[in-house]
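Construct the entire structure; sequences and hints are all you get.
Quick note on my numbering: the sequence shown kicks off at 6 and runs consecutively.
Source of the hints: derived by calculation from the structure; they are not laboratory data. All values reported here derive from a predicted model rather than from experimental measurement. No residue lacks a Cβ here, since even glycine has one placed at the ideal position from N, Cα and C. There could be a bad hint or two in this list.
[Stated by the list, open to error] Using C-beta positions, here's what the derived DEER-type ranges look like:
| hint | residue 1 | residue 2 | range |
| --- | --- | --- | --- |
| 1 | 34 | 311 | 48 to 58 Å |
| 2 | 172 | 299 | 25 to 35 Å |
| 3 | 175 | 297 | 15 to 25 Å |
| 4 | 127 | 244 | 45 to 55 Å |
[Claimed, not checked] DSBU-like mimics (lysine-lysine), calculated; alpha carbons at most 35 Å apart, straight line:
| hint | residue 1 | residue 2 |
| --- | --- | --- |
| 5 | 200 | 19 |
| 6 | 173 | 267 |
| 7 | 200 | 152 |
| 8 | 172 | 152 |
| 9 | 290 | 173 |
| 10 | 200 | 146 |
| 11 | 48 | 152 |
| 12 | 48 | 19 |
| 13 | 19 | 172 |
| 14 | 146 | 19 |
| 15 | 267 | 200 |
| 16 | 136 | 146 |
| 17 | 173 | 146 |
| 18 | 200 | 172 |
| 19 | 267 | 136 |
| 20 | 48 | 290 |
| 21 | 172 | 146 |
| 22 | 290 | 267 |
| 23 | 152 | 267 |
| 24 | 290 | 146 |
| 25 | 290 | 200 |
| 26 | 19 | 173 |
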Amino acid sequence: MADQNRRLIREALKWRAVIDAEYVSDRDRAAFQQWLSEDAAHKAAMIEAERFWDRLGALSEIPLDDVRPNRVALEHAARRQERVRRSRGLMAMGAVASVTILAGAMIYHEVSQPARQLTTQTAEVRTEFLKDGSEVSLDAKSTIHVKIHRWERSAEVLSGSAYFVVKKDTRPFTVTSGSLEIEVTGTQFAVHRSKSGATVSVAEGAVRVNARGDPGEVVTLFEGGRVTSTTSEPLAVSQVAADNVGAWRRNRLVYEEEPIGKLIDDLNRYRDRPIVLTNPSLRSKTITASFDASEVERIPSVLSAMYSLDVVELPGRTELRRQVEGSP
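The structure is reproduced here in structure tokens:
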């Protein structure tokens, strides 16, 4: 096991030297990503190599201000810096003795870097720019965790909706939400997370969606494609207008044959007083409509006219009640 650990770290150090070179070919980047994805131990070795590389970098930081200001001393310091610079490359490519010392005490495991949490409040829509050049917009009352690392990019949608504009990169960008895992390299798509499941909709490009579990389902979505996963149903694939994906970024709430329950849940992220449907069967009925997000207070009245409902204002909530038993 120790020999295998040392071998993996040597490989990781070699890759570290390759990807940090002044000129890196697309072929080398692709080969590196392939090596990194082959085994979880490769990623763990790369993390340790990163730490080792940082230790080497510290050696080259010579405090010249502390060196006596005379020519001999300065020349000595300059020669020392040059030796350190050369040694970094040699050590990174194959200084097995130093690596062996570090590897002997290593316990390989997946290290999770602290994720950045992004959260919006009631009726707040915000766009954040990520370190890799990608951007993510959050709908009202939404929360995601995002992590951008040297060799991986990932995010998790915990609640609400997020719209991703992913910058093309050799590193995959992986988004998880509920049982869904989405992998892309550069595209635009939205992810919605609710209590019942998750939905992915593509505005541009293509995404690969994997439903984690046994058995797992995999689908590839293109522009206008949408897939929904619930706890009790298999993946449901449908088509929507690509221009309507993430319409909430433009202050529009757009629904194409979607459950009224989703509309109500969305409205409740824009209102301080939640809307409650007293008849649960109404939640599954579908609606095709477009609303202005700045006028959410009048939407209950619109629904009242469409479905013969009474709007009842109560302390802390707004109820939509069926007027006549047996009506739609």
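Right, here's what the structure says about each hint:
{"no.": "1", "hint": "34 <-> 311: 48 to 58 Å", "verdict": "holds (53 Å)"}
{"no.": "2", "hint": "172 <-> 299: 25 to 35 Å", "verdict": "holds (31 Å)"}
{"no.": "3", "hint": "175 <-> 297: 15 to 25 Å", "verdict": "violated (41 Å)"}
{"no.": "4", "hint": "127 <-> 244: 45 to 55 Å", "verdict": "violated (32 Å)"}
{"no.": "5", "hint": "200 <-> 19", "verdict": "violated (46 Å)"}
{"no.": "6", "hint": "173 <-> 267", "verdict": "holds (32 Å)"}
{"no.": "7", "hint": "200 <-> 152", "verdict": "holds (24 Å)"}
{"no.": "8", "hint": "172 <-> 152", "verdict": "holds (14 Å)"}
{"no.": "9", "hint": "290 <-> 173", "verdict": "violated (39 Å)"}
{"no.": "10", "hint": "200 <-> 146", "verdict": "holds (14 Å)"}
{"no.": "11", "hint": "48 <-> 152", "verdict": "holds (15 Å)"}
{"no.": "12", "hint": "48 <-> 19", "verdict": "holds (14 Å)"}
{"no.": "13", "hint": "19 <-> 172", "verdict": "holds (27 Å)"}
{"no.": "14", "hint": "146 <-> 19", "verdict": "violated (45 Å)"}
{"no.": "15", "hint": "267 <-> 200", "verdict": "holds (10 Å)"}
{"no.": "16", "hint": "136 <-> 146", "verdict": "holds (23 Å)"}
{"no.": "17", "hint": "173 <-> 146", "verdict": "holds (28 Å)"}
{"no.": "18", "hint": "200 <-> 172", "verdict": "holds (30 Å)"}
{"no.": "19", "hint": "267 <-> 136", "verdict": "holds (32 Å)"}
{"no.": "20", "hint": "48 <-> 290", "verdict": "violated (47 Å)"}
{"no.": "21", "hint": "172 <-> 146", "verdict": "holds (25 Å)"}
{"no.": "22", "hint": "290 <-> 267", "verdict": "holds (10 Å)"}
{"no.": "23", "hint": "152 <-> 267", "verdict": "holds (29 Å)"}
{"no.": "24", "hint": "290 <-> 146", "verdict": "holds (24 Å)"}
{"no.": "25", "hint": "290 <-> 200", "verdict": "holds (17 Å)"}
{"no.": "26", "hint": "19 <-> 173", "verdict": "holds (25 Å)"}
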